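Construct all of the structure, not just a fragment, from the sequences and the given hints.
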Amino acid sequence: MTEQPSSAHPSLMDRYEVSDFFDEMFLPTGEPREHYRLLHARLADMAAEAFNERRANADVSFLYQGITFTVYSQKAEGIERIFPFDLIPRIIPASEWALVERGLTQRVTALNQFLFDIYHDQRILKDKIIAPELVFNAKHFRREMMGVTVPKNIYAHVIGTDLVRDDKGNYFVLEDNLRSPSGVSYMLENRQAMKRTFNTLFHSYGVRAIEHYPQELLNTLRSVAPHDNPDPVVVLLTPGIYNSAYFEHAFLARQMGIEIVEGRDLVAHDNRVYTRTTKGLQPVDVIYRRIDDDFLDPLSFDSTSMLGCAGLFNAWRAGNVTLANAIGTGVADDKAVYAYVPDMIRYYLGEEPILQNVPTYLAINDKERDFMINNLDSLVVKSVNESGGYGMLVGPHASQKERETFRDLIVSNPRNFIAQPIVRLSRHPTYLDGQLYGCHIDLRPYILCGEKITLVPGGLTRVALRAGSLVVNSSQGGGSKDTWVLND
Amino acid sequence: MLSRVADTLYWMSRYIERAEDITRILTVNFNSLLDSRVQDSEDSWRRIIDITGDGPLFAEQFDEFNAKTVSGFLLWHPSNPNAVTACIKLARENARSVREQISSEMWEHLNRLYFLVRDIKQEIGARGPYDFFDQIRHGSQAFQGITNETMTHGEAYEFIQLGKHLERADKTVRIIDVKYSSVNNLREGPEVSLQLLAMLRSCSAFEAFRKSPNSQLHPARVTEFLLLSQEFPRAVSYCLKRALRSVNLISGDPASPRQLLSPQRALGRVCSELGYLEINELLNHNMHPYLDSLLYRLNGVGDEIGSTYFNTQLILPPQTTAKQHAQQQQ
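Protein chains in written order, with this note's numbering: chain G, 1 to 488; chain X, 1 to 330.
Hints were generated in silico from the structure; no laboratory data involved. Predicted model, so just to flag it, every value in this text is computed and none were measured. Incorrect hints may have been included.
[What the hints assert, rightly or not] With a straight-line Cα cutoff of 20 Å, these simulated SDA-like cross-link-like pairs (lysine to any residue) come out:
1) G/Lys195 to G/His212
2) G/Lys279 to X/Asn311
3) G/Lys168 to G/Arg424
4) X/Lys241 to X/Arg265
5) X/Lys89 to X/Arg118
6) G/Lys168 to X/Glu304
7) G/Lys279 to X/Val98
8) X/Lys211 to X/Gln230
9) X/Lys89 to G/Glu34
10) G/Lys279 to X/Arg245
11) G/Lys279 to X/Gln230
12) G/Lys279 to X/Lys89
13) G/Lys279 to X/Ser251
14) G/Lys452 to G/Trp97
15) G/Lys279 to X/Ala255
16) G/Lys279 to X/Lys211
17) G/Lys279 to X/Arg118
18) G/Lys279 to X/Arg265
19) G/Lys279 to X/Leu249
20) G/Lys152 to G/Asn320
[Said to hold, decoys possible] From the derived model, a few chain X residues whose C-beta atoms are all more than 12 Å from chain G:
21) Ala6
22) Pro257
23) Ser272
24) Leu277
[As the list claims (entries may be wrong)] Here are some chain X residues pointing at chain G (derived, C-beta under 7 Å):
25) Ser3
26) Glu93
27) Ser97
28) Arg118
29) Asn214
Glycine is no exception: its CB is placed at the ideal position from the N, C-alpha and C atoms.
Given below as structure tokens:
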């Protein structure tokens, strides 16, 4: 059901169908939710052609600026694509955001304490809250980190936590990303595009600003410099121009006013790290690294890596350089470890979790594995360490053959799989092929952990651009929306 | 700035200049060969290959020296790493990897130039060579202009200027060397003038030369202008002076001679020498050996630039004592 448009020409709202999923914009009665009323009225009043024109302009400006990412699955060499952007913003009232912010602050505090604990006394394992095998067999657990001290005991400085809503509108944490969460550049560029395209509406709403993210990130990085250096040299370490997220690396470096370097620009000497410049070697204090642990240092990790700097790890152990995020944070990225985050919150903070996990079954537990295997047609099965929507089975949408393949995989390598019930993800009106459809969305806020924990309001709303699809990642045909957290 | 970035910008600039200079040489010689006698043309075409110094490479691919073989080799042949298309392709690759350092106008322009030369064989066939040469030359000159106007004149900009001027000096010395020896072997007559005109036009220097004092179309005067003028932007002396200025802007003027970096020393020496040279000392038999040794020294300057700015050995950072620092700088 939709409202009748107030004007004579056809608007995009005319044919929009609200279904039984939680619709971000509409109540089940078909009325727009209170915080969407203004937007709804604007859209209902706008002719479809007018909207299309604005959309085309926004697309062109993204193209012109080269806001791209590289997709590897399609051709051997990878092609550059413009990250699709939908003009209709996702709006979050202030009270909802306050809850999310509290919940995420609590969560990342516990996560950093967890990381400190497992790389030191491992009390959480000794107290039998989590099975030790789960931690030691985690792909990204780094024995080299045992006993290493990091500034302010912070391991994960930048965290991207994915949130979804169920059919009752409750927020759930889908997963935490503690290694190199990306997408923040799209969040910032989307905001610019929205301000250009819908400036009056934006102004009438009173949306909280996000443009200070790069400055907050820089502050966070500076606050964890070695030896409490008040004026540290910060650099961004990138794999280079052929990396799919290079646009974001360059964008952030520019916005923060720091140098972007590759492994070959760095030299470790006497346990200190330097950049090779035209004026000789210049010392580096903090490295915001967007390279996986494995490739950082051929002396300590993958010896075939050409992307890193030999001796970097030793310089770090010696306390002469800070890496953000630290090495070894990926153990908390593991989807099986994720299942224990609520327990971590209780254990380290003595509080009940404000934000809930999606119910998760671990294949390493016999009973849960049996349940998984017998219910593949109604579960989502995930590999514990994949991202980007790869290595995943969506039970109801999969063929019998695909389910059988996964069944065999689960049985042969249970440590590697978890399953979750299908969350009936919320939907949001999104422009597809000339019309508005309800498309599934999620939300990725970015949390910065330095001297203090900082969140910019909102984050990246990702949307599945295929009607009915649940996959929102950029590499598999997803897009994004601007996220408006309201002032009141 | 990062050594890798400086290295990339420097070579981007050298490759563009190289492409332009080769095109200049071809343009002028296509033209002048129309005036010469048929028996001489093979010789003239061979001399063009001599200018680039790629004689042995050419001989591996071709038996004859004529318009087709020589222009093919210099413009697009895959065996020639210094062919115009190869140079522009490399320039573009370099630009792409340091896109953050250059303006978007510079990148777009260079990108367009790349697509222009990519399908070169067809281009030449369709429109004849002159249009094509013009496009390359204009493309390069526009790139210089765009760079000048859209880039901050800081360290990155100076590395671009350094590459351009060193490459230009090198090519101009080669043009002088080959043309002078061919002119010197001729008896007085119109042929001499034609060759001297070709020499000047290769460097876009004809009108400037005419306006300069004492401008008779005589080998000594023309060579003097192209080698020793401190004001004409394609003259060797001007280019090297400008290159020295770039190095001084990049590294700062040294407070004392002991603190000179090796590129400053090498360039300073060559500039002084050219500044006090009298062309009469070089006439006849002395020209070729001198120019040859000059080329050798310019290569040396390139090496010094590489080892000082791009391929830094493990030089200890400034906290070490001054004595150690001086030793390392050798």
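Each hint tested on the structure:
no.: 1; hint: G/Lys195 to G/His212; verdict: holds, 15 Å
no.: 2; hint: G/Lys279 to X/Asn311; verdict: holds, 11 Å
no.: 3; hint: G/Lys168 to G/Arg424; verdict: holds, 9 Å
no.: 4; hint: X/Lys241 to X/Arg265; verdict: holds, 12 Å
no.: 5; hint: X/Lys89 to X/Arg118; verdict: holds, 8 Å
no.: 6; hint: G/Lys168 to X/Glu304; verdict: violated, 70 Å
no.: 7; hint: G/Lys279 to X/Val98; verdict: holds, 19 Å
no.: 8; hint: X/Lys211 to X/Gln230; verdict: holds, 14 Å
no.: 9; hint: X/Lys89 to G/Glu34; verdict: violated, 57 Å
no.: 10; hint: G/Lys279 to X/Arg245; verdict: holds, 17 Å
no.: 11; hint: G/Lys279 to X/Gln230; verdict: violated, 30 Å
no.: 12; hint: G/Lys279 to X/Lys89; verdict: violated, 29 Å
no.: 13; hint: G/Lys279 to X/Ser251; verdict: holds, 8 Å
no.: 14; hint: G/Lys452 to G/Trp97; verdict: holds, 19 Å
no.: 15; hint: G/Lys279 to X/Ala255; verdict: holds, 16 Å
no.: 16; hint: G/Lys279 to X/Lys211; verdict: violated, 43 Å
no.: 17; hint: G/Lys279 to X/Arg118; verdict: violated, 37 Å
no.: 18; hint: G/Lys279 to X/Arg265; verdict: holds, 17 Å
no.: 19; hint: G/Lys279 to X/Leu249; verdict: holds, 12 Å
no.: 20; hint: G/Lys152 to G/Asn320; verdict: holds, 14 Å
no.: 21; hint: Ala6; verdict: violated, 5 Å
no.: 22; hint: Pro257; verdict: holds, 20 Å
no.: 23; hint: Ser272; verdict: holds, 25 Å
no.: 24; hint: Leu277; verdict: holds, 31 Å
no.: 25; hint: Ser3; verdict: holds, 5 Å
no.: 26; hint: Glu93; verdict: violated, 10 Å
no.: 27; hint: Ser97; verdict: holds, 6 Å
no.: 28; hint: Arg118; verdict: violated, 17 Å
no.: 29; hint: Asn214; verdict: violated, 42 Å
Violated hints for the displayed structure, listed by number in ascending order: 6, 9, 11, 12, 16, 17, 21, 26, 28 and 29.
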